[in-house]
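*Asks:* Here's the letter readout for the chains.
2 protein chains.
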Amino acid sequence: MKIALATPHFPTSITDGLNKVEQLATDAAKQGAVVVCFPETFIPGYPLADVEVPKASQEELAEALNKVCEIAKANNIAIIIPMDWYEDDKFYNLAQVASANGEVLGYQTKNQLDPSEDTTWQPGTERRLFEVGELKFGITICHEGFRYPESVRWAAREGAHVVFHPYLSGSDLKGNQITEWCNPNSPYYEKAMMMRALENTIYFASVGYAMKYQESTSAIIAPDGKCLAYQAYGQEGVIVVDIDLGKATGLLGKRFKPELYR
Amino acid sequence: MKIALATPHFPTSITDGLNKVEQLATDAAKQGAVVVCFPETFIPGYPLADVEVPKASQEELAEALNKVCEIAKANNIAIIIPMDWYEDDKFYNLAQVASANGEVLGYQTKNQLDPSEDTTWQPGTERRLFEVGELKFGITICHEGFRYPESVRWAAREGAHVVFHPYLSGSDLKGNQITEWCNPNSPYYEKAMMMRALENTIYFASVGYAMKYQESTSAIIAPDGKCLAYQAYGQEGVIVVDIDLGKATGLLGKRFKPELYR
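Taken in sequence, the protein lines are chains V and W.
Using full-length UniProt numbering, the first residue of the first sequence is number 1, and each one after it goes up by one.
Using full-length UniProt numbering, the first residue of the second sequence is number 1, and each one after it goes up by one.
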């Protein structure tokens, strides 16, 4: 079963973002992927300090989600589209999941915000598992997946074969350029991706933006911690990887004893 | 406040192990450390497939612990001594803690065994926090600390400044030699050490054996994930590091929301 990780440049607008979704989702579908994941709050774009991202209204966000559903249906591919979302007087950082039929399957909120995000979004409180055909997956968003292994453990214990991890790290304006996967001098992010897979014996699919000064890249990690493929640093594109659901046994996730930590 | 990580060669006997404890604890005390930690089941030695380690009786183990307490008292240093231990018809992989007065403060069992260890030990069921003067610490043993971040989270949320992590990885007979900290081609262990510190904003002190083919080394990681010091690969010795308890805020550990994962 093939899954895809889309690594777009930072969108200049919602329209630009949707164009990139269409382009990369079409590419992923042509390569046979059943699902493609985009990076954190790709609609309208993560509110970086060094980029002007106008806040979108809920009407614009809902309209964008409709458009993503149309793209999913037209290409017969499920799409994980991280975005801003207003609901019940809350403002969430979440990821919507559109089925290959163009239906919204639901969303996963970011529940453990980075301290720097406390004044931007409200944290969600629920976790859920998604199913696309035979594939069961969870979603953990950026900081949550990097610093809270429990968010991945939860999905592994619910039977997830993969946890998708939309994130943003880096900048287009300043920073260091990375050229080697998991280099000891790089920030910790790629090392955390390895851990999330091998702590649970499941696949971990981490999806970031293509930026000039990325602090890590998009990658799919096997249940034994091996990096199966990663996106070239700084380059927009999609990687499609054939995963073996039989290898995602969840062995170490299932051996976790929650009663020991209460 | 100074803490010490002792990296001995594999002991040839309990007596040899106790000689190494005396030598390295004395060295650590001379350098001003308040506590020194030894690697996993150092008494009588981890039951590797490629080494003949005779099983010790509970009488021998208790006698060895008494000797460690004498060494602690004589050098005015607390000692974390991982060992085999029989109690209540169970056979545990645990770490005893001797105070600088030579009293046994208690022990931490290994509660999440590696699948390969299921027929060797029985898993423990309790976690506890230890105090040596101002220093609060937890202990997580090998696999538990490498694959179960929850074991470190627990201690961080209880107020630990440091989690000590006695382990064994590698062999004296076969394998690859590592020369660079956190090299991307090395096994994942050193990368996991980084994560355990920065997931919780506490220090993480990982303590292994000096072996010809180590798969990782002993290291002390700062609350921001930076490796402060590590033992030279393959060389017996002790590293003493001055840590700043004020930096071990436990910030990200305390922001963890356990209610989200039940």
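Derived from the structure by calculation, the hints contain no laboratory data.
Mixed in with the good hints, there may be bad ones.
Intra- or inter-copy, both count: the list cannot distinguish identical chains.
[Claimed, not checked] Only pairs whose alpha carbons sit at most 30 Å apart, straight line, appear in this in silico BS3-like list of lysine-lysine: (1) Lys67 to Lys257; (2) Lys257 to Lys136; (3) Lys226 to Lys2; (4) Lys90 to Lys212.
*Asks:* All hints, please: hold or fail.
*Replies:* Results for each hint:
1. Lys67 to Lys257: Answer is neither; intra-copy 43 Å and inter-copy 35 Å both fail.
2. Lys257 to Lys136: For Lys257 and Lys136, the Cα distance is within 30 Å both inside one copy (22 Å) and across copies (24 Å).
3. Lys226 to Lys2: Within one copy only: 17 Å inside, 36 Å across.
4. Lys90 to Lys212: neither (33 Å within a copy, 57 Å between copies)
Of the numbered hints listed earlier, those contradicted by the structure are 1, 4.
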